[in-house]
Amino acid sequence: MPSKAVKRARPRASVGSIEAVTEQLRAYATRGVFREFTVKESRQAAEYRINWLTPRPLRVRFDAKSSLLTLVDLLPDISPRSPMDLALRVFVAGRFSTKLPEHRRISKQLVRKLVVVNSNRKTSLRLTLNKKDTGAGARQALLLISEIFQNFLAGPYHEYMVRNFDLRED
Amino acid sequence: MANDTRTTKNAGTVTRRDFLGSSASVGAAAAAGLVAQAASTNANAAADAKSKPAIRPPDEMKTRDEAIKPANFPMDGAQVFAKFCKDEGLAALFCCPGNYPIINAIAAEGIPTYGGRTEGSMCSAADAFSRVTGEIAACSGTEGPGFTNMIMNIGCANAARTPLLVLASNMTISGDDTERRIQQAYQQPTTEGLKKYGKRLIDPSRIYEYSAYAFRQLKTGVPRPVHLDFPGEVTRARFKEPGELQFYYDKTRYRTESKPHPSPADIRKAVEMIGKAQRPMIVASTGVFYSKAWDALKAAAEKNDIAIVESGPSRGHFSDGHPLSASVAPDAMLSADLVVLVGQYCMPSIGEFAFGPETKYIRVDPDPTDIGRNLPIDLGIVSCEKAALEALADALPNRRRPQWVEELAKARKAFEAENEEYYQLGLKYSKDTKLLHPAVIGRELSDFLYAKDLPKEQTTIAMGGYGIARYVRRYARAFRPGQICNGAYQYGAIGPDVAYTFGTAVAVQNGVGPQKAYKGAPVIGVTGDAGFAYSGMELETFSKYKVPAVIILYNNNAWGVYTSGRSPRAMHMYLFQENLRYDKVAEGLGARGEYVTTPEEFRAALVRSYDIAAKQGVTTLLNCQAKKEFWSQGTYPPGMVRNVEPGCMSYNH
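If you're matching them up, the sequences are chains A and B in order. For the first sequence, this note's numbering begins at 1 and goes up steadily by one. For the second sequence, this note's numbering begins at 1 and goes up steadily by one.
Since the hints were derived computationally from the structure, they do not count as laboratory data. In this text the structure is predicted, and so the values were computed from the model without any measurement.
The calculated DSS-like cross-link candidates involving lysine-lysine, where the alpha carbons are at most 30 Å apart (straight line), are:
(1) K303/B x K456/B
(2) K546/B x K86/B
(3) K131/A x K360/B
(4) K108/A x K413/B
(5) K360/B x K40/A
(6) K259/B x K269/B
(7) K292/B x K195/B
(8) K410/B x K108/A
(9) K52/B x K544/B
(10) K132/A x K360/B
(11) K519/B x K452/B
(12) K360/B x K108/A
(13) K69/B x K240/B
(14) K99/A x K276/B
(15) K519/B x K69/B
(16) K132/A x K99/A
(17) K303/B x K99/A
(18) K99/A x K413/B
(19) K99/A x K131/A
(20) K196/B x K292/B
(21) K276/B x K108/A
(22) K276/B x K132/A
(23) K410/B x K113/A
(24) K410/B x K99/A
(25) K360/B x K99/A
(26) K251/B x K292/B
(27) K40/A x K65/A
(28) K584/B x K50/B
Some chain B residues close to chain A (C-beta under 7 Å, calculated; not the full set):
(29) L334
(30) I350
(31) G351
(32) G356
(33) P357
(34) E407
(35) Q633
(36) P637
(37) R642
Where is the CB? At the ideal position from N, CA and C, for every residue including glycine.
Isolated chain A (complex conformation) (with noise of 0.2 Å):
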């Protein structure tokens, strides 16, 4: 149980936008869907570490106060106006379409911004969420990532794979 110190040192919508967060991203620990998940908070922002969908574990960041929920260096080695960063900006634009199946569309309710960035090479994927809703929010991040690692990735990116995920070549 918090104290009274703690209650008034934190505003309740950045704490309760935390907890929304890491409750939601502990109950897919808690299920199975990750096979390690850590979390470090603190007063305005948390940081998770999920062992998922491949050897490398993500890194997921969430600021409270902008209610940014950052996917930090999500897919490494990717040259800025590549083909294949290209691709991914068109991929991640395209999940908001209304052509998607809704349970396949990302939510402009709960994702209020999408920005993909490219800064050395990486690529992290920018989230701003409703504030109202940081729970839901998260769960379509999750989303997202499994639509690029289980949808976009298993493109043509196997060499991609092989030399950045650990991919066994044969």
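With the hints as your guide, set chain B onto chain A.
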């Protein structure tokens, strides 16, 4: 092309009636055809054909059909064992000489027997035979060398959960540890980790008892290889009457046909979960095939509009042509909100099957000790697959899920569109290079087997190779049980492909199990130039037994993993001499060979070879010349395509 002396003038398509009708004339035609196979168009070869003895099967092939002579008491140990195998329905034996008393006794009992060129290949032939029939087959080899030649192949069968009976002789008990004479080896430790059960028989009077041990293991639970090794004292022992054998009684007393059935509470829970799901999917794997549960699977799926996707070492227990099939709809996998894994003996780990984070899992398996391994479950059901599917089919309410069915259709269409895109790229690359791109091979094969005059259910495929399989799997379809043998499944061995094709072809030639309706039809084999080296000599075995097949060999002058040669000094280890003529090797072994480099040549050669296989029982090797750079994503996108599992591209799990 070096085969024009052997091609038919009317290279039309072949229907089931054609090959059944032609079977009567196969004997005479084949003899002539095989003699003709020795011919070649170049002058030297023509001269050879005139002056040198022609390739032909031994006269003794005829005596293979002499009257069966089942043994009766008094019998020796080998005869007791063979009689036991006959009584248990052993469907075939594939072997090389060695373990003589056992293989001779099995042949005498009338069990179909085949002798090939290496024990390893014969082991894989038996493995494939089981994968496309669901029946138990045996392989056999001589003591040390023959037995150890089978190790890779036993490993393949073990990974595929094949009910394979591995037999080998093993010197004498009296000579144990002495290294007296030759070939002594401790066999059982060698198969540790590669079998379900194994035993070196010691006490001759227990040979019947241990035969029961073997078949109890082969016929119950999750199958895997069973390995028996026979010292000479056991096979040579004489038994005047049954009373001299321990535990000698009928099979109804040493094993049961009873299967584990699901608890009613588990079925109620499963029905409830399926009821709550919007997009349920069943992964129908190995256990569905071996429990022959395809009718129950279809009934459950159709009653509640549950999608079905296949995985495992064989395909076809749910037709790819069914509106509920997701095997050729990889994009639908991420939409499934409930997955029922049925008979998925080789379990993927998290992330290996392309399901989403919200998916819940039910697992149906006869082995409770495996449920929950690798993939956490929401419900586990201990049951025989057939019993569970029958119970589900009974308990599920009728329900239509039009949106889900529509999504499956769209996903199938999207996959076909992607395959068409790869084919068009392949045609362009083939035109540019005058070499065959793998997408072209896959698509042209598919058109020939499913889009023209052949009944689409007719042709069984032994799918092998490394890179080539990644393409051909995308285009190959299964419309009935046992139509595709997934060669490289799980163990990833690329070498046994020709042997897998032989076992598959024997199963079809004899019309065993689900192959019955297609008895005598030619089969298709797929292999690569690397894999061919391991079992290519079995082309001779095809010819000797007149087992018809068309084997597509993807020849890209390299190991499929050649891109792993990361430095100029290392690259030579990954490469072969270029443009090797495997087709001529085939000719030298009594089969046909054709060398093709363009889509047009491939198309024509495929029609011609299938026709000859159907009408004359002659196997052809199609040497398809490609280039290694087709695997380069940068130069020839999409390069080495990735697999999405489960579904038609599955081979890991």
